[in-house]
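Heads up: the protein sequence lines correspond to chains A and B, in order. Numbering that gives the first Met the number 0 applies: residue 0 is where the first sequence begins, and numbers increase by one. Numbering that gives the first Met the number 0 applies: residue 0 is where the second sequence begins, and numbers increase by one.
Simulated from the structure, these hints should not be mistaken for lab results. Cβ atoms here follow ideal geometry from the backbone N, Cα and C, with glycine treated the same way.
Label pairs and their calculated CB-CB ranges: (1) A/458 to B/117: 35 to 43 Å; (2) B/117 to A/442: 53 to 61 Å; (3) B/438 to A/547: 24 to 32 Å; (4) B/438 to A/525: 55 to 63 Å; (5) B/548 to A/216: 56 to 64 Å; (6) A/65 to B/28: 31 to 39 Å; (7) B/18 to A/23: 35 to 43 Å; (8) A/547 to B/416: 27 to 35 Å; (9) B/513 to A/458: 49 to 57 Å; (10) A/486 to B/28: 41 to 49 Å; (11) A/499 to B/306: 31 to 39 Å.
Given next are the chains, with one letter for each unit.
Number of protein chains: 2
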Amino acid sequence: MQFHHYGYVSGDPRRQPAAGTGVDRPEQLPDEVDVLIVGTGPAGMIMAAQLAQFPGIRTRIIERRPGRLEIGHADGIQARSVETFQAFGFADRITAEAYRITEMAFWKPDPNRPEHIIRTARTPDDPEDISEFPHLIVNQARVLDYLAEAALNGPARIRPDFGVAFNGLTINDDDDYPVNVSLRMNADTDEERERTVRARYVVGCDGARSGVRSAIGCKLAGDQANHAWGVMDVLAKTDFPDIRTKCAIQSNAGGSILLIPREGGHLFRMYVDLGEVPADGSNDVRNTPIEQIIEKANDILTPYTLDVRNVAWHSVYEVGHRLTDRFDDVKDPSSERLPRVFITGDACHTHSAKAGQGMNVSMQDGFNLGWKLGYVLSGRSPATLLSTYSAERQVVAKNLIDFDKKWSTMMAKRPEEFEDPGELEAFYARTIEFPAGFMTEYAPSMIINDAKHQTLATGFPVGKRFKSAMVSRVCDGNPLQLGHQARADGRWRLYVFADAALAGEDSATQRLAEWLERSSDSPLNVALPGGAWVDWFDIKVIYQQHHEDVSINQVPSVFKPEVGPFELVNLESVFGIAPDEDIFDARGINRDGAIVVVRPDQYVADVLALSDTHRLGELFKRLQA
Amino acid sequence: MQFHHYGYVSGDPRRQPAAGTGVDRPEQLPDEVDVLIVGTGPAGMIMAAQLAQFPGIRTRIIERRPGRLEIGHADGIQARSVETFQAFGFADRITAEAYRITEMAFWKPDPNRPEHIIRTARTPDDPEDISEFPHLIVNQARVLDYLAEAALNGPARIRPDFGVAFNGLTINDDDDYPVNVSLRMNADTDEERERTVRARYVVGCDGARSGVRSAIGCKLAGDQANHAWGVMDVLAKTDFPDIRTKCAIQSNAGGSILLIPREGGHLFRMYVDLGEVPADGSNDVRNTPIEQIIEKANDILTPYTLDVRNVAWHSVYEVGHRLTDRFDDVKDPSSERLPRVFITGDACHTHSAKAGQGMNVSMQDGFNLGWKLGYVLSGRSPATLLSTYSAERQVVAKNLIDFDKKWSTMMAKRPEEFEDPGELEAFYARTIEFPAGFMTEYAPSMIINDAKHQTLATGFPVGKRFKSAMVSRVCDGNPLQLGHQARADGRWRLYVFADAALAGEDSATQRLAEWLERSSDSPLNVALPGGAWVDWFDIKVIYQQHHEDVSINQVPSVFKPEVGPFELVNLESVFGIAPDEDIFDARGINRDGAIVVVRPDQYVADVLALSDTHRLGELFKRLQA
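Please put together the full structure from these sequences, using the hints given.
Written as structure tokens, this is what we have:
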């Protein structure tokens with residue numbers, strides 16, 4: 000965490016100095032805004048947290064509810080989300096209060112006594128050490144609290160406008176503020192009144208029944224639901240020994256349970272199989288009372304019993320898998336029209352809750368779109384950048400739905416329907432990287448290059464998120480996770496993995512540094528000449544030597560930029576290899592060096608040679624308005 | 000972190016439900032209080048945070064300043080303090096914003112060019128892995144912020160009374176509220192007025208010029224200061240390559256520098272040797288202006304230069320080593336009179352700042368006294384418990400002063416005065432456990448038993464703080480640091496390291512569990528029969544098997560106590576050994592098992608055999624009022 004460089008900071012350094020629109024942000028929703036986010040769910044709030052780093056932009060986020068969410072329904076936090084939270088500054092805190100999944104247990108009918116269940120397997124949750132981040136379970140309301148804090152602590156000081164409901168919108172592409180949004184102010188009070196706000200861009204983060212989706216003529220398409228599940232968050236006494244372990248329980252008593260322990264040591268969630276919904280359309284299953292869900296759970300758990308003492312929340316739902324074919328208002332992708340309205344999260348994709356994916360994928364939707372809006376509205380990038388949002392995220396949602404269909408179908412199967420009795424746990428173990436959130440791989444586009452030079456750094460696949468590894472900081476000898484030094488500050492990152500030469504020796508690294516600093520083709524000079532590039536770029540250099548063998552005074556100045564009014568030198572971007580792990584080996588980096596270009600949302604945009612300045616320059620020229 | 004067991008918690012679980020005096024705590028300082036803490040420095044605030052866990056007690060803490068400390072002078076946080084912060088719930092957060100010391104560099108005159116300095120050694124800060132916690136540098140003001148948050152989040156909701164100055168006190172032992180304290184309300188305003196508050200106990204945490212110390216007739220005794228140091232917190236440009244590393248720099252240019260990098264990546268502190276203070280008592284040295292300190296620093300750093308751009312704080316001080324012979328108001332230790340007034344921290348001990356000890360030792364003073372006041376005022380323990388405070392902490396302060404004398408004398412020596420040129424770094428490496436805070440070892444007393452059975456668990460020395468190791472929690476398979484599960488909640492802890500038997504088998508562990516639960520001699524029943532003992536005791540059992548081989552249903556019920564209104568079972572106190580490290584080996588625990596008894600301030604009170612229930616009972620009978 001860097002601070003004090005504008006002078007001494009006495010209070011919480013996480014509270015960045017207010018700037019731009021954050022300095023005297025109006026209490027009331029103004030008539031004209033740059034970005035209007037509809038809905039304060041995970042996708043909306045992460046976008047607010049991201050846009051809080053762009054104080055030149057007027058971002059407002061509206062919410063129909065009068066205040067903070069009290070009890071959310073999502074609770075699964077995949078490792079990729081914790082990695083994202085790390086960049087927003089609250090991974091440690093949310094981890095400390097969450098339930099951590101380290102293994103999953105599988106229960107099946109006892110072959111010797113089929114009316115009883117027995118434990119047949121335990122599987123580690125992350126057997127391959129896919130991520131250094133944990134897999135957590137914590138109420139969505141807390142995720143939103145932390146994102147709200149990040150949004151408020153950013154320079155733009157973004158705070159939701161509560162009690163404001165979305166009514167509808169019209170678009171006039173010729174207008175400076177092309178989106179006319181009709182709102183209901185003081186929604187849910189007696190003083191409700193209509194109002195219009197004009198926006199440059201609107202983002203619908205308004206859930207499965209999204210009004211924004213309807214307004215842009217998008218439809219969810221997919222299979223109809225027909226299998227019902229009871230879900231309950233409860234406090235109970237039980238002799239079921241794995242009550243604090245994530246379990247898939249299959250019984251002969253008619254159905255299965257997915258058990259998810261929750262934060263705090265006592266609460267847990269159960270998804271209880273209620274069977275097929277009759278085709279006659281009757282609502283009997285949908286109206287299953289909590290008593291009956293508990294009774295069904297007891298049947299499935301036999302010989303164990305569950306004495307529910309307190310019900311925090313419960314519901315009955317049917318699994319449906321539905322998806323929109325586009326995530327923005329451009330109906331004809333072959334037209335040259337650029338998007339003005341976007342939808343995210345549940346507004347675009349709905350599926351079962353049991354793979355614990357919904358909140359996570361929604362947040363990545365928001366993280367993907369947030370910086371792009373920031374770049375376009377700051378005048379840094381052309382508006383064509385915004386077309387990559389729908390292109391990138393629609394594919395991800397499609398993959399999610401395919402995965403969830405398999406998983407939820409398996410969870411609904413009866414034990415005797417499995418050909419191989421170990422099929423469920425084998426599927427879980429085989430596919431773990433997907434639900435952990437690390438299988439997203441963006442296709443080539445204006446911001447993802449082809450993987451032509453992938454061999455230079457095989458551990459940083461182009462299109463996938465930058466996977467951290469240990470390094471050692473030269474200036475203070477601190478061993479650190481390289482990836483964790485990246486904040487969600489909207490900056491592009493260049494990781495320069497040096498060739499074998501020492502700092503200061505004539506070398507490819509040295510020549511690259513000079514080009515970066517001096518060439519008029521360098522993205523640093525194209526972006527903001529005169530050193531102000533540090534607002535847009537974060538450049539880190541990693542030498543092949545241990546930190547004590549890198550002479551900081553010999554390191555090229557582009558890796559030690561001056562910052563702030565006192566022109567202090569930032570020494571914290573220069574690294575050597577860690578004592579116990581050589582990142583060049585761990586990530587398959589060529590000893591002649593490589594540049595790894597990483598987007599503000601942490602995805603690798605390119606891998607290229609130190610000498611390939613032309614390709615590097617071209618990538619950023621495309622990004623330049 | 001355990002919560003939800005009283006029903007669903009929507010907000011931050013760190014904010015415990017208000018109870019007792021915290022429910023409608025008066026805004027104004029009342030006329031009568033149980034504990035009056037004078038001063039909101041580190042010792043006072045940690046005591047407030049601890050007493051916030053005793054909501055039956057009226058604790059108030061007064062501060063002369065009108066509000067929060069803006070810029071503190073202490074900055075060194077030893078690993079023992081971070082361990083303590085972990086128990087108060089903010090170790091991760093303060094670590095994230097602090098500078099972390101991982102190594103120290105030593106600079107000396109270049110033998111080939113003695114007017115220049117060169118680096119002669121680098122020493123790892125914790126070469127022996129003494130602690131899993133880091134050694135940090137962060138402004139005292141932030142430490143106080145976090146402790147204030149902990150005090151406010153505790154059930155007693157303690158918040159400082161600002162603008163209240165201590166005037167004096169008188170003691171009348173026969174009174175219910177024996178300490179009459181004279182105060183100045185609205186100190187430093189025009190509306191200053193006198194007021195009297197009556198207290199059962201008063202704690203002076205009011206610093207080196209303590210008014211409470213004077214009021215109880217204590218005096219600081221020790222050597223006079225005669226060596227002056229300039230200290231400055233600055234932002235600068237420099238070519239000195241180790242500017243972000245802790246350094247001891249000895250020059251021929253007349254003196255030495257101790258360089259301490261500070262949080263935020265740019266700020267650093269320098270202690271600059273200003274030489275002897277003339278015996279004529281002139282104030283020239285004491286009035287050294289900042290420009291001259293900077294000039295001196297430049298002389299010492301030759302051939303490097305230091306261009307100071309911003310001064311956050313600076314001062315000149317002389318090293319004195321002074322100590323009071325008692326930390327309470329009992330002048331004659333052989334009398335039966337029990338203490339009513341205590342002093343802590345700088346009020347008792349002053350020394351150089353350069354070993355980074357002051358704030359740390361002060362906090363341990365407060366942590367030591369806090370729970371004792373809690374127990375006596377709750378009616379749980381006899382008032383004789385309070386005599387152990389002065390007895391335990393005066394020795395620690397004496398050791399600190401002896402250590403600091405050696406270190407600061409060495410730091411003031413000229414290079415040619417060392418017999419062995421590596422003497423300074425050798426001393427630093429040899430003594431590292433002391434400044435890290437882990438050499439405190441309390442002598443036998445009513446709350447520390449003799450170490451007769453130490454061989455049963457050699458890694459938990461009686462009288463020293465409980466050193467954590469990895470275990471695996473049975474109910475969820477989470478690998479965890481056993482010691483980090485202990486919150487600063489005022490409870491005593493029994494760590495039951497089981498014998499080799501499996502849970503449920505007839506064994507010494509099983510018999511101990513039955514005795515604990517059923518015997519009228521068991522401390523649990525002596526304390527609060529009927530299960531309410533969980534308010535006073537935290538019992539954890541560690542089996543010798545891996546977690547998957549411990550059958551949770553077979554574990555005796557005393558290790559799975561019922562909690563809260565729903566009588567939920569707490570399963571989180573049952574552990575197996577970790578996959579990679581067997582705590583029985585790591586801490587030298589006998590395979591026949593052992594009980595390790597740990598005080599609320601984390602010090603080991605006894606190690607004893609599983610069968611030694613008599614000794615266990617006797618220890619707690621002494622603690623019982």
